[in-house]
Amino acid sequence: MEEHSKVSNGQLKALIITTNIGVGILSLPSSIADIMNNAGWIAIILGGLATLPFVYIMNKLAEMYRGRIFYEYGKEVVGNMLFKIFSTIYLLYFMVLLSFVVRIFGEVIKAYLLPNTPIEVIIFTMLLATSYIGRGDIKSISRMAFLILHIIAISTIIFVILSLPTLDLTNLLPAFRFNIKDIPEGIGTVFFSYVGFEIILIALAYVEDSKSALKSSFIGIFYTTLIYLVTFFITLSQFGIHELKKQIWPSISIMREIELPGFFIENLDGIMMATWVLIVFATMGPLMYTGGVVLSSLFNTRKHNFFVLPLIPIVMIISLIPESLSQVYSTMDMMVRYLAIFAIIIGPIILLIVSLLKRRKRA
Amino acid sequence: MKKYLIIIIALMAVFLTGCWDVMEINERIFVTAVGVDLNEDPNIENDYLITYVYPNIASIKKGESQKEAKFMKSTVAKTPFDGSRQLTTRLDKPLFFRHMKVIVIGEELLKEPDKIKEFFDGLGRDPRINRKVEIVVAQGKAKDVLSTKTEQELVVGGYLNSMLRNKKVASRFTAQTFSDIMKDLQVSNVSMAPRTVPKKDEFKLSGAAIIKDYKLIGWLGEYENSLVALAKGNLTSDIIDTYYKDTVVSYVISNGMCKKDVYLDNENINVDINIFTEGYLQEYKYEGDTNAFNQEFLKTVEKRVKNKIEKDLEKIIGELQNKYNADILCIGEHISKFEPDLWKKVEGDWDEIFPTLNINVHADVKIRRTGLTK
Chain A
1 MEEHSKVSNG QLKALIITTN IGVGILSLPS SIADIMNNAG WIAIILGGLA TLPFVYIMNK
61 LAEMYRGRIF YEYGKEVVGN MLFKIFSTIY LLYFMVLLSF VVRIFGEVIK AYLLPNTPIE
121 VIIFTMLLAT SYIGRGDIKS ISRMAFLILH IIAISTIIFV ILSLPTLDLT NLLPAFRFNI
181 KDIPEGIGTV FFSYVGFEII LIALAYVEDS KSALKSSFIG IFYTTLIYLV TFFITLSQFG
241 IHELKKQIWP SISIMREIEL PGFFIENLDG IMMATWVLIV FATMGPLMYT GGVVLSSLFN
301 TRKHNFFVLP LIPIVMIISL IPESLSQVYS TMDMMVRYLA IFAIIIGPII LLIVSLLKRR
361 KRA
Chain B
1 MKKYLIIIIA LMAVFLTGCW DVMEINERIF VTAVGVDLNE DPNIENDYLI TYVYPNIASI
61 KKGESQKEAK FMKSTVAKTP FDGSRQLTTR LDKPLFFRHM KVIVIGEELL KEPDKIKEFF
121 DGLGRDPRIN RKVEIVVAQG KAKDVLSTKT EQELVVGGYL NSMLRNKKVA SRFTAQTFSD
181 IMKDLQVSNV SMAPRTVPKK DEFKLSGAAI IKDYKLIGWL GEYENSLVAL AKGNLTSDII
241 DTYYKDTVVS YVISNGMCKK DVYLDNENIN VDINIFTEGY LQEYKYEGDT NAFNQEFLKT
301 VEKRVKNKIE KDLEKIIGEL QNKYNADILC IGEHISKFEP DLWKKVEGDW DEIFPTLNIN
361 VHADVKIRRT GLTK
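Those sequence lines, one after another, are chains A and B.
The first sequence maps to residues 1 to 363 in my numbering.
The second sequence maps to residues 1 to 374 in my numbering.
Here chain A stands alone, though its shape is the one from the complex (with noise of 0.2 angstroms):
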């Protein structure tokens, strides 16, 4: 592997970090508040602990087949046929999530932008503009997620101070209580939101310094634990249990409450708006080029750019099938569940366990 070709530990994290933080964060506070009330972000920090084995195992992978992306060295641990299927469920998975990402955007931004705009317009244009980034290579992904880390992180403390005034933290109150037969659904809720570090099964392959690949994917996971709890706790503070549970998107209903002070400038959510369309352009970036070098793998091929335009109208026809919004959040985010438990937790242990049998076999 050549040396400019390499993704540098910081872009790793950036990666973790972008992909993870997409369309989640805008329902998982009131979500979560459903199940967990005020105790919800127990199960946040749970969810990201529980994120850390897979993680793990990930890695272990990668150390193991060094330099070779997941999708290679699947087909020579379980064979050419079997990983044949595997690699056809997580092409299913990447893009039912994909869909799933960019009906939400298009549903968030003819909400609160464009009310006229067909949303088909509004999903056909972002699928578009991130196709472009996903035929690029893992380099240049990675370089794209370094600089909008920056911008996720300036809008975040941005959006703490604005909203500090206003805040009542008294709505925090009885943090400690909570029902123990609820962690589980709350953890499994959380999980979700932290779905998109898949991405490290093709980036650990390419990273520059693959001692400390583990510990720079866990800085990233926790970075991502800490924006969630933020914006859990600066949601429920400003808006309070009861009415936090009745938001579709607090994360950004909470721009409509912040007032800056001498008002001329009001409505801010457009502002945020503009931040999160970035955001979710580093979730789908990923998931795209990830698409792109699943079907490449799956037809042997040594570039996947070209498989990244034909996704376009698959993804928006899977996109466009729910008929309401409120279908999009029960059976596609059932689907991606589902997908993604194969993904992220079934596909990468088996891979592990049979490469260790056969690691042992050899020995």
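Any given hint could turn out to be false.
To be verified - Result set (PhoX-like, lysine-lysine): computed pairs, CA atoms no more than 25 angstroms apart in a straight line: (1) A:Lys-246 to B:Lys-115; (2) A:Lys-181 to B:Lys-337; (3) A:Lys-110 to B:Lys-132; (4) A:Lys-246 to B:Lys-344; (5) B:Lys-285 to B:Lys-374; (6) B:Lys-337 to A:Lys-110; (7) A:Lys-245 to B:Lys-132.
Simulated from the structure, these hints should not be mistaken for lab results.
Treat the numbers as computed from the prediction; the structure is a model and nothing was measured.
Given the coordinates of chain A, work out where chain B should sit on it, guided by the hints.
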């Protein structure tokens, strides 16, 4: 050939793109205030009478002040949101609600909880309406409030809005935004909104309407409102009169704080409302021998103000407990946050428990300054 193709494509990209949702600023009507009333005309079936107020942009230009500064349109509609659609038959431009400042709700409408629920739900759903819109309750008709001609500011919406924001002077009313009211109603089922009283050529903003279960159940006067604000801890400034040797003494509260304390004894729930105020002396009698600069005088006045606050507030609380059964002071919310175990027990029948609460008011009054003279 290829070159030309590229040029054509480049030009197409420049000239054929455009904003899909383009809407010029001068093609919009910026509604500043909306009044919602119950329709009382028996000849028309619809339920709501909606009044929209918007500025006449043309009259803002210099030298054209003789023109009417604002327009007002009223319509009768089945739901509050039908109104703006109906008005498209009478207006050349669409109404735009993003900069709406105030919603005035008529007294009669607020007596119908189902209609108010519909209306509030619509307000919360609509992404074009700012959640920070101020809610005001008219004692009478909202239309009458909005049709008053105001002197300083030309448009009633802006006038009302600057009145509501002018909280530094007195707490005769407490401004409440839509999101404040919704939060209150969901937490404790009770909320307040400032009251306006339409008069002949003006309107007065004073006191508050008590809303329970999305229904108007009573009014609070000016003085009551400032005491309630004191007990809720959001009083900014107000004046309290007492006497000293037959002379009226005015005490200005410049800083008020309130702490609630809930404890159980013998199955009774006790609530201590500890009020702490700081302030200065506004006036006393000017005579050769009067001297406000001694401890004895200050202590007496402090004690009298303290007694007055305690007595009056206890009276109001008694009324709230027995007459209205309305937990305006958010005692329920306080218990749910700080005593969650207790709240679990009383949550279900809070309405029966609230009147039986043992509420004690303790005031701590400090006169920090006496002005420039002794």
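Hints, one by one, checked against the model:
| no. | hint | result |
| --- | --- | --- |
| 1 | A:Lys-246 to B:Lys-115 | holds, 20 angstroms |
| 2 | A:Lys-181 to B:Lys-337 | holds, 22 angstroms |
| 3 | A:Lys-110 to B:Lys-132 | holds, 22 angstroms |
| 4 | A:Lys-246 to B:Lys-344 | holds, 22 angstroms |
| 5 | B:Lys-285 to B:Lys-374 | holds, 11 angstroms |
| 6 | B:Lys-337 to A:Lys-110 | violated, 37 angstroms |
| 7 | A:Lys-245 to B:Lys-132 | holds, 19 angstroms |
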